[in-house]
Amino acid sequence: MSGVRVLVGTRKGAFVLSSDGKREQWTVEGPHFAGWEIYHVKGSPADPNRVYASQGSSWFGQVMQRSDDGGKTWAPVGNKFAYDGVPGTHQWYDGTPHPWEFKRVWHLEPSLTDPDAVYAGVEDAALFQTTDGGQNWRELPGLRGHGSGARWQPGAGGLCLHTILLDPKDPQRIFIAISAAGAFRTDDGGATWRAINQGLRSEHIPDPKAEVGHCVHRLAMHRSRPSVLFMQKHWDVMRTDNAGDSWQEVSGNLPTDFGFVIDVHAHEPETIYVVPIKSDSQHFPPDGKLRVFRSRTGGNEWEPLTKGLPQRDCYVNVLRDAMAIDSLDSCGVYFGTTGGQVYASKDAGDSWAPIVRDLPAVLSVEVQTLP
Amino acid sequence: MIRVELPAHLRTLARVDGEVQIDVGDRATVRTLLDALEARYPVLCGTIRDHDTKERRPFVRFFACEEDLSHETPDAPLPRAVVAGTEPFLVVGALAGG
Numbered sequence: 001m002s003g004v005r006v007l008v009g010t011r012k013g014a015f016v017l018s019s020d021g022k023r024e025q026w027t028v029e030g031p032h033f034a035g036w037e038i039y040h041v042k043g044s045p046a047d048p049n050r051v052y053a054s055q056g057s058s059w060f061g062q063v064m065q066r067s068d069d070g071g072k073t074w075a076p077v078g079n080k081f082a083y084d085g086v087p088g089t090h091q092w093y094d095g096t097p098h099p100w101e102f103k104r105v106w107h108l109e110p111s112l113t114d115p116d117a118v119y120a121g122v123e124d125a126a127l128f129q130t131t132d133g134g135q136n137w138r139e140l141p142g143l144r145g146h147g148s149g150a151r152w153q154p155g156a157g158g159l160c161l162h163t164i165l166l167d168p169k170d171p172q173r174i175f176i177a178i179s180a181a182g183a184f185r186t187d188d189g190g191a192t193w194r195a196i197n198q199g200l201r202s203e204h205i206p207d208p209k210a211e212v213g214h215c216v217h218r219l220a221m222h223r224s225r226p227s228v229l230f231m232q233k234h235w236d237v238m239r240t241d242n243a244g245d246s247w248q249e250v251s252g253n254l255p256t257d258f259g260f261v262i263d264v265h266a267h268e269p270e271t272i273y274v275v276p277i278k279s280d281s282q283h284f285p286p287d288g289k290l291r292v293f294r295s296r297t298g299g300n301e302w303e304p305l306t307k308g309l310p311q312r313d314c315y316v317n318v319l320r321d322a323m324a325i326d327s328l329d330s331c332g333v334y335f336g337t338t339g340g341q342v343y344a345s346k347d348a349g350d351s352w353a354p355i356v357r358d359l360p361a362v363l364s365v366e367v368q369t370l371p
Numbered sequence: 001m002i003r004v005e006l007p008a009h010l011r012t013l014a015r016v017d018g019e020v021q022i023d024v025g026d027r028a029t030v031r032t033l034l035d036a037l038e039a040r041y042p043v044l045c046g047t048i049r050d051h052d053t054k055e056r057r058p059f060v061r062f063f064a065c066e067e068d069l070s071h072e073t074p075d076a077p078l079p080r081a082v083v084a085g086t087e088p089f090l091v092v093g094a095l096a097g098g
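Chains A and B, in that order, give the protein sequences. The opening position of the first sequence corresponds to residue 1 in this note's numbering, with each subsequent residue numbered one higher. The opening position of the second sequence corresponds to residue 1 in this note's numbering, with each subsequent residue numbered one higher.
Simulated from the structure, these hints should not be mistaken for lab results. Quantities reported herein were computed from a predicted structural model and do not represent experimental measurements. Treat the hints with care, since some could be wrong.
Straight-line Cα separation of at most 30 angstroms, DSS-like style, residue types lysine-lysine; simulated pairs [as the list claims (entries may be wrong)]:
| hint | chain 1 | residue 1 | chain 2 | residue 2 |
| --- | --- | --- | --- | --- |
| 1 | A | K289 | A | K22 |
| 2 | A | K278 | A | K12 |
| 3 | A | K12 | B | K54 |
| 4 | A | K12 | A | K103 |
| 5 | B | K54 | A | K103 |
| 6 | A | K103 | A | K80 |
| 7 | A | K72 | A | K22 |
| 8 | A | K278 | A | K289 |
| 9 | B | K54 | A | K80 |
Listed next, the stretches of chain A that the computed footprint assigns to chain B, with coverage defined by at least 3 CB atoms under 8 angstroms from CB atoms of chain B [to be verified]:
| hint | region |
| --- | --- |
| 10 | 34-42 |
| 11 | 54-66 |
| 12 | 79-91 |
Glycine included, each C-beta is placed from N, C-alpha and C at the ideal position.
Here chain B stands alone, though its shape is the one from the complex (with noise of 0.2 angstroms):
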């Protein structure tokens, strides 16, 4: 099971409190991991990528691993850390300050 932390408003859209657990298979990427995040939460479907694209949305960045994923193509593997459970994946509001 692969932990995702969500940001505060997705939190509240979703209902959820804290981390929640993704199981995505054997082929863990992000991309594989958004796929099963929005199935089993359908309301958060075009709030962190592109309903048609499946692109990021621009203020919204991964994390893991103290690593930025945002960059990176959505088919590479996870970090082993994240796969294993040992590390949550971090979805970001991207801020630059208050």
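Isolated chain A (complex conformation) (with noise of 0.2 angstroms):
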């Protein structure tokens, strides 16, 4: 019988959630790595049982995980992330020059053919890539050579590269996105990279045509329609249907245009998924409520999802990788709070219920849909 597992990274700990595909009855393993921040917690497409995780700390840096039997056993793996060459300088917040330092991985992309392979999104912004199983990493340096590395200016979680996705028609293309810098595609494997921000209005910025600057929190694809995608910008969701060349903002009728998370139905390509967040410094769902919005158009028309989730007195907020969908035939879909909850629904968002309520803050869900 085919079943799920979640996997959840927190402040205090990674943990794996795991039920058979009727997703009622939920085992929960963890914490591993006990007192660490998890950023992120990745399976691979080509194996479900190698698991990557991005351990780290502000006192004793960062470490790599790698699990070889779907989380349940972890050894420790390469930690090395040297920039390509002398790093140069990025923008501080205040617009001065600042060195290039590596602080930490936010996000974890394994390749969808080749268990050993996984891309990783650092801080300071640059992608790093392993073939061997995480033993070894290094840089891509083409994207912070794009030539726009030096006016790119972190966001107030810091200068991340928190998405990458690849392409599953051409593995020449990925995309990528940092905060605040904007998106960035590659078409040749990421020798050389270009950024794909056409259309989007940002207030700071006063050239509307600006290449770069804009704070993207979320990109979400369909494997099925790679040139489709889905952005959670700062303010705005957005949409492009030429994988990047220009933008358009479907945010429509949702209560708030703010937010950090952003997914797209596993068998509807134009059904998606959001969860509206009160800004610019509250940072917790609008009116005390949780409410998953979703626009089965592709944007501009949403209804709020609220069945099973709290109506009142609720202020967490819902990080940028802490949403995932599985790919049973109803689909699933998972979201973590800073509050330490990590609600699931079995039908695409129409009914909710908690897996578990008192984790650490979530920082990142992914799943992975189990043979």
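From the two separate chains plus the hints, produce the assembled complex.
So this is what it looks like as structure tokens:
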């Protein structure tokens, strides 16, 4: 019988939540790496037993972990992330030049075909790759060498490369996003990159055609249509139908177009999900109501999904890597909150129930659909 | 043998309980001690000092014999009591209270 495995990264460790295909009874394993910040845990599409985790601490730096048994046991792998050549400077918050400094790995994106190959998005923003199961990491320097790197500026969370999307139809094409530089695309396997931010509007940038400087929070793609991307920007939900060459706003009737997560239904490429968040400073749901919004029209027309979610006195956040979708016939949707809840919907968002309520603040949620 | 006391997070990472004992040979300095510690527990590479520069991470400090050795040159001899094994060398995560 098929099943799902939800991989949860939190401020104080990693957790593995497992269920069969019914998604009613769950087992909770963890905390793994107790006390450490786990920014991301993700499994290999090519081998679901191969799972990678980014473990870190402000005191003791970056550690990388690998599991070969679906997250039951782990072993540390290489944790050396050295920028290629002389890293130079990016812009600091006040616009002054600031040296590039490695801080942490935000996001791991395993290859679609090779369990030993993984991309890592790091802060300060750069893209790294391993091809030996995590033992060695090397930078793909073409991204920072794009020419705009000296103008990249950190968002509130740092200058982080937080999204990596691999094109399932074209192994040479990769999309990435950096807060607060914008989105970028390579069509040659990472050798060269182009900024794909035309059509984005950001209040703090006077030039409407600015190549970089946009605070992209998250990108999402449906595997059947890799040229259609959805974006949750700092403000605005956006869509492109031409692989990022141009973007259109699809915020429509959302109560606020600020948020962090965005994801796509497993079987309906025009069905997308966001969690609107009140901003700029509050970063909690409007009116204390935790609502997922779903659009079945690829944006613009949104419906609130509230059944099973707290509709009063709820002031949590849902961070950018904390939503995931399984691919069972009735598509499952999962998200985690800074209050430590992980909610699951086994009916594409119509209703929700918590898998766990009291984890440490959730940083990331991924799900594996198991055969 | 030099006794090294690691902070809890690094003990967990290195999968050790309590102090670890490290043999550094004739020349016992912070540098040779950490070289030997990392050779025995490679998972600690990069967690106490930088991979390449070997500089102490900013939020890590070193103490021994009730003295702060964090800012000493890493090539200075360790205190005799540490070399003799009567006092531990402490690796401490810098804290400013809770």
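Status of each hint after checking the structure:
With a CA separation close to 28 angstroms, the supplied pair K289/A and K22/A stays within the 30 angstroms bound. Note on K278/A and K12/A: the hinted pairing holds, with a Cα-Cα distance of about 26 angstroms set against a maximum of 30 angstroms. Of the supplied pair hints, the one linking K12/A and K54/B holds, its CA atoms being roughly 28 angstroms apart against a limit of 30 angstroms. Between K12/A and K103/A, the direct Cα distance comes to roughly 18 angstroms. Compliance with the 30 angstroms bound is thereby established for this hinted pair.
The hinted pair formed by K54/B and K103/A meets the criterion: a straight-line CA distance of about 16 angstroms does not exceed 30 angstroms. Simply put, K103/A and K80/A have alpha-carbon atoms about 11 angstroms apart, close enough for the 30 angstroms limit, and the pair holds. Simply put, K72/A and K22/A have alpha-carbon atoms about 22 angstroms apart, close enough for the 30 angstroms limit, and the pair holds. Between K278/A and K289/A the alpha-carbon distance is near 11 angstroms, which keeps this suggested pair within the 30 angstroms criterion.
For a cut-off of 30 angstroms, the pair hint linking K54/B to K80/A stands: about 13 angstroms separates their Cα positions. Interface restraint, the region 34-42 of chain A with chain B: holds (3 residues with C-beta to C-beta distance below 8 angstroms; minimum three). Restraint check on the region 54-66 of chain A versus chain B: 7 residues with Cβ-Cβ distances below 8 angstroms, three needed, restraint holds. Given as covered by chain B, the region 79-91 of chain A passes the check, having 3 residues with a CB less than 8 angstroms from a CB of that chain where 3 are the minimum.
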